[in-house]
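Protein chains: 2
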Amino acid sequence: MKILPTIYITLLSTTAAFAPPPSSRTFNTLHSTTEAAIASTANDEVNPGDRDILVRCASGKQVERTPVWLMRQAGRYMAAFRQYSDKYPFRERSETPSMAIELSLQCHRAYGMDGIIMFSDILTPLPTLGIDFDVVKGIGPVITTEVRNVEDVKKLKDAESVNFDETLPFIREILTSLAKEAEDANTSLIGFVGAPFTLAAYTIEGKSSKHCLRTKEMMMADENGSSKAMSLFLDKLAAMIGNYGCHQIECGAQVIQVFESWAHQLSPRQFEEFAKPASQKAIRIMKEKYPDVPVIYFANGGSSYLELQRDMGADMIAVDWSVDMAQARKILGPDIPISGNIDPTILFGTKEQIEQAVRDCIDKAGGPGKHLLNLGHGVMQGTPEEAVGWLVDECKRYRGKEA
Amino acid sequence: MKILPTIYITLLSTTAAFAPPPSSRTFNTLHSTTEAAIASTANDEVNPGDRDILVRCASGKQVERTPVWLMRQAGRYMAAFRQYSDKYPFRERSETPSMAIELSLQCHRAYGMDGIIMFSDILTPLPTLGIDFDVVKGIGPVITTEVRNVEDVKKLKDAESVNFDETLPFIREILTSLAKEAEDANTSLIGFVGAPFTLAAYTIEGKSSKHCLRTKEMMMADENGSSKAMSLFLDKLAAMIGNYGCHQIECGAQVIQVFESWAHQLSPRQFEEFAKPASQKAIRIMKEKYPDVPVIYFANGGSSYLELQRDMGADMIAVDWSVDMAQARKILGPDIPISGNIDPTILFGTKEQIEQAVRDCIDKAGGPGKHLLNLGHGVMQGTPEEAVGWLVDECKRYRGKEA
Numbered sequence: 001m002k003i004l005p006t007i008y009i010t011l012l013s014t015t016a017a018f019a020p021p022p023s024s025r026t027f028n029t030l031h032s033t034t035e036a037a038i039a040s041t042a043n044d045e046v047n048p049g050d051r052d053i054l055v056r057c058a059s060g061k062q063v064e065r066t067p068v069w070l071m072r073q074a075g076r077y078m079a080a081f082r083q084y085s086d087k088y089p090f091r092e093r094s095e096t097p098s099m100a101i102e103l104s105l106q107c108h109r110a111y112g113m114d115g116i117i118m119f120s121d122i123l124t125p126l127p128t129l130g131i132d133f134d135v136v137k138g139i140g141p142v143i144t145t146e147v148r149n150v151e152d153v154k155k156l157k158d159a160e161s162v163n164f165d166e167t168l169p170f171i172r173e174i175l176t177s178l179a180k181e182a183e184d185a186n187t188s189l190i191g192f193v194g195a196p197f198t199l200a201a202y203t204i205e206g207k208s209s210k211h212c213l214r215t216k217e218m219m220m221a222d223e224n225g226s227s228k229a230m231s232l233f234l235d236k237l238a239a240m241i242g243n244y245g246c247h248q249i250e251c252g253a254q255v256i257q258v259f260e261s262w263a264h265q266l267s268p269r270q271f272e273e274f275a276k277p278a279s280q281k282a283i284r285i286m287k288e289k290y291p292d293v294p295v296i297y298f299a300n301g302g303s304s305y306l307e308l309q310r311d312m313g314a315d316m317i318a319v320d321w322s323v324d325m326a327q328a329r330k331i332l333g334p335d336i337p338i339s340g341n342i343d344p345t346i347l348f349g350t351k352e353q354i355e356q357a358v359r360d361c362i363d364k365a366g367g368p369g370k371h372l373l374n375l376g377h378g379v380m381q382g383t384p385e386e387a388v389g390w391l392v393d394e395c396k397r398y399r400g401k402e403a
Numbered sequence: 001m002k003i004l005p006t007i008y009i010t011l012l013s014t015t016a017a018f019a020p021p022p023s024s025r026t027f028n029t030l031h032s033t034t035e036a037a038i039a040s041t042a043n044d045e046v047n048p049g050d051r052d053i054l055v056r057c058a059s060g061k062q063v064e065r066t067p068v069w070l071m072r073q074a075g076r077y078m079a080a081f082r083q084y085s086d087k088y089p090f091r092e093r094s095e096t097p098s099m100a101i102e103l104s105l106q107c108h109r110a111y112g113m114d115g116i117i118m119f120s121d122i123l124t125p126l127p128t129l130g131i132d133f134d135v136v137k138g139i140g141p142v143i144t145t146e147v148r149n150v151e152d153v154k155k156l157k158d159a160e161s162v163n164f165d166e167t168l169p170f171i172r173e174i175l176t177s178l179a180k181e182a183e184d185a186n187t188s189l190i191g192f193v194g195a196p197f198t199l200a201a202y203t204i205e206g207k208s209s210k211h212c213l214r215t216k217e218m219m220m221a222d223e224n225g226s227s228k229a230m231s232l233f234l235d236k237l238a239a240m241i242g243n244y245g246c247h248q249i250e251c252g253a254q255v256i257q258v259f260e261s262w263a264h265q266l267s268p269r270q271f272e273e274f275a276k277p278a279s280q281k282a283i284r285i286m287k288e289k290y291p292d293v294p295v296i297y298f299a300n301g302g303s304s305y306l307e308l309q310r311d312m313g314a315d316m317i318a319v320d321w322s323v324d325m326a327q328a329r330k331i332l333g334p335d336i337p338i339s340g341n342i343d344p345t346i347l348f349g350t351k352e353q354i355e356q357a358v359r360d361c362i363d364k365a366g367g368p369g370k371h372l373l374n375l376g377h378g379v380m381q382g383t384p385e386e387a388v389g390w391l392v393d394e395c396k397r398y399r400g401k402e403a
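Protein chains in written order, with the UniProt record's numbering: chain A, 1 to 403; chain B, 1 to 403.
Hints are computed from structural coordinates only; laboratory data are not their basis.
Hints may contain errors.
The list treats identical chains as interchangeable, and a pair is accepted whether it falls inside one copy or across any two copies.
What the hints assert, rightly or not - As a list, the in silico DSS-like pairs of lysine-lysine whose alpha-carbon atoms are at most 27 Å apart:
| hint | residue 1 | residue 2 |
| --- | --- | --- |
| 1 | Lys351 | Lys210 |
| 2 | Lys87 | Lys61 |
| 3 | Lys281 | Lys157 |
| 4 | Lys330 | Lys401 |
| 5 | Lys180 | Lys289 |
| 6 | Lys157 | Lys207 |
| 7 | Lys330 | Lys364 |
| 8 | Lys330 | Lys370 |
Could you build the full structure based on these sequences and the hints that come with them?
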C-alpha cells in the first residue's frame, strides 16, 4: 500500500471543501501515515476482516485483534477539520451533506480507525418533535423550546409519526454516501443517537447546566406524583430515538452508539428510575427491528454505577476513563463486550506513553475479544494529530499479553 | 428545651456580625427549630452521647444512632450566612476570627448537626509555602504563584519549618473558640484539609479548570522521567498538610476530613500513582502523632475507583452521591466506616422525599454503626433552609429498618 506524507493529506483535505468525497481509489491510498503504521506489516495491506471487525466485536463475536475508533475522532484537533469549523456554524456543517461527509472521512483517511462515524450531534433529531436548537460558538447548544410541564410535552409532535426523510433529509444522504465510502475503505459505518434522559435534560435546562436543577425538580415531581411531565417526555423521546436509530440503520449504519452524555448528572437511583428504562425502550425498539445490528450504550460519568448497566439491552457497554478497565470488567462480568476507556489526556503524552496506555487497556479488558478500544471521552481540542495515529496503530499492532 | 421560632434566630444571627459568639447558655437554647425536632423526643433534651457521637462513629466505634453533618453546612443557602458573604470577601470572612466563628456556628444553632466545622477553605494554608491566592467572586479561587517545574517547587518554603501560629494565627483563635463552643453545645468540632493533589492542581492551573491539562502534562513528565516536579510538589504539600492537620488537632479539632476535591480529574492510574501516596503521607503524619483522632478521606468524583481507597490509612471513607451506598459498602467491604452520600439536590424535594432519602441511605449503609450521614457533595446555593432541618432531624430520629 502506498503511504502519503501527512502534509499532502492535509492539503488534500483543506482543498476538498464542498467537493464530492474523494473516489474510493484515492480514499484507499490515504491510510495511516505514522511511523508505526509504516513499520507495521499488519497495516501494509488491506485486511478483509477489517471491514466488519468493529461490528463483529460489538456483537460479541470473536475477533482477530482489538478494533478501535475514537469518540470525537472527527473533531477540532485536526487542522483539516478546523478549516470548516472556523468558517461554518455547527448546524450548517452537520446538516449539509457534502460537508458532513467530508468531516466524517478526514480522520479515517489520516489514521484508519476501524469505523467511520457520521459527523452529527445528539441534538440533531430534536426538531422532529418540534424542539428547536442551535449550537452557539463559545456557549454550546441552546434550546429555545420550553418543556417544563405536561402541557408542554403534549404540545410536542407525535414521536410515532415522525418521517425522518422529510424532517432530516440530510441524514439519508450523508449515511448513504458514507456507507459506500466505508465499503470502499474496507471499514464499518457507525451511527449514533443521544439517550432520552440526556436529550430531556438538555431541553429542560435550555443549555449546558452544572446541576440540572430544573430537570431534577421535574424528576422529583414525578416521583411524588404531583406531575407526570418527566415520564411522558422521556417516553416520547425514547420512541423518537428508537425510531431514529432504526432510520440510521436503514440508511446504512452498521452499529449504533447510544450516548447518555449527562449520566454524571444522575444519582444511581435517578438513573434506575428515569434514564435507564427510557434508554432500554429506545434500544429495544432498535433491537426488535434489527436484532443483528449491535447497539453500544455509553453513560458518560456513569462509571460509579456500572452495576446497573448490565441489563441495558445493548450488545456492548462503553465506559468512561474514570474507571479502571479491570474493575469495569469485574463489575460488568466476563461476558459483556466493553468499549473504552483510555484517558483522552494521554494523547498529550509521549509515543511510548500512548502505546503503553493502549496495551494496558487491552490487557485489562482481557486481551482481544469482547473489547473495542476507544477513549473514555472525546478527543480533546489541542490534541497533537500524530498522537491519534500512534494510538490507532498500536491498537492494530498489539495482540495482547499472550501474543 | 425551649424552641425559638426561625425568624428570631435569623435576626439574632444577622445582628451578630463581629460580636463575640453567643454565650453557651444562649447557644444551647438555639437548637433545632423544625417541626420534626419539636415532635421528636430525642431532640427535646441534651443527650450526653451527642458530644462525641460523630468522633466515635468516624473511629469505627459503636454508636447508638447515625450521626450527621453536611458538607458546606455553613454556606450561602442560609440567609444569615449571606449577610456576611454578600458584604465581605472570602478571605476576610475566613481569616477574621469573629466572623469565621460566627459563620461556623450559625448552622449548628439552627439545625443541630452532630458537628461544627470550622469555616475555612482547603486553600487557606497555601501561603505557608509561599503560594498566594485569592477567592474572586464569580470566578472562584485564583492562585498567582506559578509552579510548573522543579525550580518553582524548590523556591517554595520548607514544609517542615512552617510555624502555623505565625503564618495563620487566626486558625488557633478560631479553633480554640469553636472547641469551647462545641463543648458547650454538646457536639464535636471538625477540622479539615485539602488533599495534596487537589492543592497541587489548583496551584498549577491557577484557577478552576475543566481538564487540568497542565497538571496532567506535569504528571506525564514525571512518569516518563523527564521531570520530578510533580512528585516533589506533592511531597512538599503532603508534609505541610499533614502538619497542618496536626496543628488543627492541637488547637481543638476532634476529627479531620481530608478533601480530595478534584478526584474527578484523575484516572484510576493517576490516582494510584500520584494522589493516593501523597494523601497517604499526609494522613500518616496525622495518625502517627494523633492515633486516636479519626481522619475521614473524601475523594469527590472518585466513586468510580473506590476499590483503590480501602487502604488510604484513614479511619473513614466519605463517598460522593454518584455511587449507590449499598455498592460503596460492597466495594469498600463491611468493616470500613463510610460517610455520605445523599444527593444534595434532594434538598429541593418535599419533606417526605428528604426523609425517605435519609432512611434509604442509612439502611443501605447497614443501619446505625459504621456510617456517618452526610451529603455526597456540599449543600447547594438556593437550598431551602428548612429542608436542611428536615434532613438532620430525620437522621437523628431514625434507628434503621430493625428498630
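Going down the list of hints, with the structure as the test:
| no. | hint | verdict |
| --- | --- | --- |
| 1 | Lys351 x Lys210 | between (35 Å within a copy, 24 Å between copies) |
| 2 | Lys87 x Lys61 | neither (42 Å within a copy, 64 Å between copies) |
| 3 | Lys281 x Lys157 | within (19 Å within a copy, 59 Å between copies) |
| 4 | Lys330 x Lys401 | within (19 Å within a copy, 31 Å between copies) |
| 5 | Lys180 x Lys289 | within (23 Å within a copy, 70 Å between copies) |
| 6 | Lys157 x Lys207 | within (21 Å within a copy, 45 Å between copies) |
| 7 | Lys330 x Lys364 | both (10 Å within a copy, 22 Å between copies) |
| 8 | Lys330 x Lys370 | both (13 Å within a copy, 26 Å between copies) |
Of the numbered hints stated above, the single one contradicted by the structure is hint 2.
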